[in-house]
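Chain by chain, the residues run as shown.
Protein chains: 2
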Amino acid sequence: MIFSSVLAEHAPGYAEMGERMEELARQQPGFLGVESVRGADRHGITVSYWETRQDAARWKQVGEHLAAQAKGREEWYVEWRVRVCRVEEEWGTRAG
Amino acid sequence: MIFSSVLAEHAPGYAEMGERMEELARQQPGFLGVESVRGADRHGITVSYWETRQDAARWKQVGEHLAAQAKGREEWYVEWRVRVCRVEEEWGTRAG
Numbered sequence: 001m002i003f004s005s006v007l008a009e010h011a012p013g014y015a016e017m018g019e020r021m022e023e024l025a026r027q028q029p030g031f032l033g034v035e036s037v038r039g040a041d042r043h044g045i046t047v048s049y050w051e052t053r054q055d056a057a058r059w060k061q062v063g064e065h066l067a068a069q070a071k072g073r074e075e076w077y078v079e080w081r082v083r084v085c086r087v088e089e090e091w092g093t094r095a096g
Numbered sequence: 001m002i003f004s005s006v007l008a009e010h011a012p013g014y015a016e017m018g019e020r021m022e023e024l025a026r027q028q029p030g031f032l033g034v035e036s037v038r039g040a041d042r043h044g045i046t047v048s049y050w051e052t053r054q055d056a057a058r059w060k061q062v063g064e065h066l067a068a069q070a071k072g073r074e075e076w077y078v079e080w081r082v083r084v085c086r087v088e089e090e091w092g093t094r095a096g
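Chains as they are written, first to last, in our numbering: chain Y, 1 to 96; chain C, 1 to 96.
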C-alpha cells in the first residue's frame, strides 16, 4: 500500500501520530514491513507491506487508524493519494 | 516500480543524476508519472508509474539508465531495493 502525501505547513501532532501508526501497524495481522520518507519540501511517501490484500484492508479499518486518516484529510494533508498494489517481483541488497 | 534506497554519506554527482533520470524517464513510452522523496536520514523512495510492465522493464534497459544503476550500486547506495508492483486500486485528492 503506497501512501503519498503533501503535509500542510503547520501540522501539529502529525509526527507523534506517524510514530503511533507505525507502532500500531506492526501489531496487525499480516504486517510485513513499512518504509516511510518525508522530504524537506513536505512531500512524503509511506509504503506498507502486507501478506494479503485483506490484511491491508483490515488495517485501514482499525479504529485508531480511521481517526488518524480523518484527521489527516481534514487538517494535516494538502494532498494525499493511496495506491493498493500487488508486489510481483523484487530484488536488491536487503529485505524490506 | 518502487525504488527504496539509502544513500552513502558522500554521493557526489547523485543529485544531478537523479534529475537527469527523471527527465529521461518522462521521455519513455508508457511513462505515467513519478514521485520521489529523500529524507534527512538519507533514506529515499522513488515510485515511477508505467502503462504496462513491459514499459517499466524497457526503462530499466535504457543505456543511460543502466549506467546510472551501475554507479548507484557501486558508489551511491548503501542499500537499495526494487519492487515491481501492479496498481490494483487508487484513491485520494489528486492524480499521481
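Be aware that a few hints might be false.
Any copy, or any two copies together, can satisfy a pair, since identical chains are not distinguished.
[What the hints assert, rightly or not] Below, in silico cross-link-like pairs of lysine to aspartate or glutamate (EDC-like), each with a Cα-Cα straight-line distance of 16 Å or less:
#1 Lys71 to Asp41
#2 Lys71 to Glu51
#3 Lys60 to Glu89
#4 Lys60 to Glu90
#5 Lys71 to Glu90
#6 Lys60 to Glu22
Hints are computed from structural coordinates only; laboratory data are not their basis.
Against the structure, the hints come out as follows:
no., hint, result
1, Lys71 to Asp41, "neither (21 Å within a copy, 26 Å between copies)"
2, Lys71 to Glu51, "neither (27 Å within a copy, 33 Å between copies)"
3, Lys60 to Glu89, "between (24 Å within a copy, 14 Å between copies)"
4, Lys60 to Glu90, "between (25 Å within a copy, 14 Å between copies)"
5, Lys71 to Glu90, "neither (34 Å within a copy, 20 Å between copies)"
6, Lys60 to Glu22, "within (13 Å within a copy, 32 Å between copies)"
In the structure shown, a violation is registered for the earlier hints numbered 1, 2 and 5, in ascending order.
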